[in-house]
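Undergrad: Chain A is fixed; fit chain B onto it per the hints.
Chains as they are written, first to last, in this note's numbering: chain A, 2 to 142; chain B, 8 to 444.
None of these hints come from the bench; they were simulated from the model. Model, not experiment: these values are computed from the prediction.
Some chain A residues close to chain B (C-beta under 7 Å, calculated; not the full set):
| id | residue |
| --- | --- |
| 1 | Gly35 |
| 2 | Ala38 |
| 3 | Leu41 |
| 4 | Tyr49 |
Covered, in the sense of this in silico footprint (three residues per stretch, anywhere, with C-beta under 8 Å from a C-beta of chain B), are these stretches of chain A:
| id | segment |
| --- | --- |
| 5 | 5 to 12 |
| 6 | 18 to 31 |
Think of the CB as a built atom: it goes at the ideal place given N, C-alpha and C, for glycine as much as any other residue.
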Amino acid sequence: MSALIHKEYPVEMADYDHAGEASADIKRQLKQLGVPASVLRRVSVASYEVELNLVIHSEGGVLTLEVTPEAVRLISADRGPGIPDVDLAMREGWSTASETARSLGFGAGMGLPNMKRNADDFNITSKVGEGTTIDMGFRLA
Amino acid sequence: MDSKPRYHSVRLDKELCKGCTNCLMHCPTEAIRVRKGRAHILDERCIDCGECIRICDYHAKVAITDSLEDIKLFPYKIALPAPSLYGQFRGVADVGVILAALKRLGFDDVFEVARGADVVARAISEKLREPSLPRPLISSACPTVVRLIQVRFPDLIPHIVDVRQPMEVAAQIARAEFCKAHDCRPEQVGVFFITPCPAKMTAIASPLGQRTSAVTSAISMMEIYGHLRPLISKIQAEEKLHPSSTSYGIGWATSSGETQSIFQENALSVDGIQNCIRVLEEIENNKLSDLTFFEGNACTGGCVGGPLTFENNYVAKNSIRKLVAAARARCDSTPQQSVTAAELNKYATRMDKPIEPNTAMKLDDNLTVAMQKLQRMNEIIADLPGYDCGSCGSPTCRSFAEDIVLGYANEMECIHKMRDKLQTMAEQMVELAQTRR
Numbered sequence: 002m003s004a005l006i007h008k009e010y011p012v013e014m015a016d017y018d019h020a021g022e023a024s025a026d027i028k029r030q031l032k033q034l035g036v037p038a039s040v041l042r043r044v045s046v047a048s049y050e051v052e053l054n055l056v057i058h059s060e061g062g063v064l065t066l067e068v069t070p071e072a073v074r075l076i077s078a079d080r081g082p083g084i085p086d087v088d089l090a091m092r093e094g095w096s097t098a099s100e101t102a103r104s105l106g107f108g109a110g111m112g113l114p115n116m117k118r119n120a121d122d123f124n125i126t127s128k129v130g131e132g133t134t135i136d137m138g139f140r141l142a
Numbered sequence: 008m009d010s011k012p013r014y015h016s017v018r019l020d021k022e023l024c025k026g027c028t029n030c031l032m033h034c035p036t037e038a039i040r041v042r043k044g045r046a047h048i049l050d051e052r053c054i055d056c057g058e059c060i061r062i063c064d065y066h067a068k069v070a071i072t073d074s075l076e077d078i079k080l081f082p083y084k085i086a087l088p089a090p091s092l093y094g095q096f097r098g099v100a101d102v103g104v105i106l107a108a109l110k111r112l113g114f115d116d117v118f119e120v121a122r123g124a125d126v127v128a129r130a131i132s133e134k135l136r137e138p139s140l141p142r143p144l145i146s147s148a149c150p151t152v153v154r155l156i157q158v159r160f161p162d163l164i165p166h167i168v169d170v171r172q173p174m175e176v177a178a179q180i181a182r183a184e185f186c187k188a189h190d191c192r193p194e195q196v197g198v199f200f201i202t203p204c205p206a207k208m209t210a211i212a213s214p215l216g217q218r219t220s221a222v223t224s225a226i227s228m229m230e231i232y233g234h235l236r237p238l239i240s241k242i243q244a245e246e247k248l249h250p251s252s253t254s255y256g257i258g259w260a261t262s263s264g265e266t267q268s269i270f271q272e273n274a275l276s277v278d279g280i281q282n283c284i285r286v287l288e289e290i291e292n293n294k295l296s297d298l299t300f301f302e303g304n305a306c307t308g309g310c311v312g313g314p315l316t317f318e319n320n321y322v323a324k325n326s327i328r329k330l331v332a333a334a335r336a337r338c339d340s341t342p343q344q345s346v347t348a349a350e351l352n353k354y355a356t357r358m359d360k361p362i363e364p365n366t367a368m369k370l371d372d373n374l375t376v377a378m379q380k381l382q383r384m385n386e387i388i389a390d391l392p393g394y395d396c397g398s399c400g401s402p403t404c405r406s407f408a409e410d411i412v413l414g415y416a417n418e419m420e421c422i423h424k425m426r427d428k429l430q431t432m433a434e435q436m437v438e439l440a441q442t443r444r
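If we strip away everything but chain A, and leave its shape as in the complex, we get (with noise of 0.2 Å):
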């Protein structure tokens, strides 16, 4: 089926100024959809994060939600830089943030594991070069 709710928000690299923006106004649709606290809790701690990870790793992309009766979705696609190893990535504790991003208190490499453990459904690709895209669903039904 579908989406009904389909919403893109551009996410900008390093714009702190913004960052939060885009999660918060998920939040806020899935809070007037009615969606249960469960998941409103979830998508919110992994919008948040993907949201972030556009910010402090990526050089600008695209966050978008999607909504059916089943399912929330969250795409984050980006421009760059890529990840040369993803499984590595994955690992608790392992970060690239740069020095700005740590001194905001990000970087503690939490960000990719707490999307996986937060989604029903995770899938991350990446090529050096291109870009990479995270694709989250959530489950309503």
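TA: This is chain B only, laid out in the frame that chain A set:
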């Protein structure tokens, strides 16, 4: 959606309302609309924070509380002063004086809510030892914050510590001790909370996490102040009452008092409802899971900043600080030392009813229909100017779109859309006139 009427202490005085947009713009749950030149409070969304009472220049927003006359309905009456009352009298260095003056207003006994806070502090300390509970635990003391969570952060309900409010525990102890000492029945005793805010009044009439409230009703601190002020100077040394709470219990009058009474290193004390919202957003994003406790007070400075207090909240905060220091110099025992395990178990400190999410923000009970409405709403928003001017009677363009989708408003109530439409029509008329010539 819940259709049964909800009790609210915060009401509108229709005669005084001018239909301006001040309250509209300051409501944290978007619970106010201006329609036909008057404000309307949406019952399902109102959390009785009293922000509208504070902001209204015309005094059209009021808080319903009992008056001092109402205590006469009971053969025996007990006053339960909130600790914030102690901060209302500049230069009074002794809580015992305030308690004695309060008793003179016609009460048979006075029992400090600060003592209830001591018992609650010990109960929370016990809860913090349970490792299975989510972190941070969220204080249940401010009823406005609890209702804010029900409306805007339903997914954080499991974080709320299931311990009753200090006034509830105080009411139980006060009534039980009075009945024992005076050999009377509980129903003969009216227990009246002296309240700094409308939210506590609402929490008595419509309890949170409890089937029933042990408190009979609430009397506004503002009303009590006028009667109490002249009596304070008349209290002789021998008439003074002995405070029963610890210095920590008194500290609950101001923001961070609760956190100090449970000795948490890694805790946040946040005051002001917009600040609470910001931090709750972060808790929701799991950014604060290293904290053990979150104390949120809807009012600036904590309860001393309540809409029904008289004294400037910063002055009151300073008075409380001095009273706490003086009390601590006399006795530095903590709530955990002062409240015995027997005392803790004697009274009901745990909630006996779950706190339910409030679904007033939901567009529809049916998810598919809600999605259709949200989709339509997003389309409407894209077409609105985004000034959030409030002229349509809804607080933001977003909420206006929501009202249109729910059938409470129509697009032409936006004066900017209307102006554009008139402009187009005018241009068309000019064109029409020119073609005829």
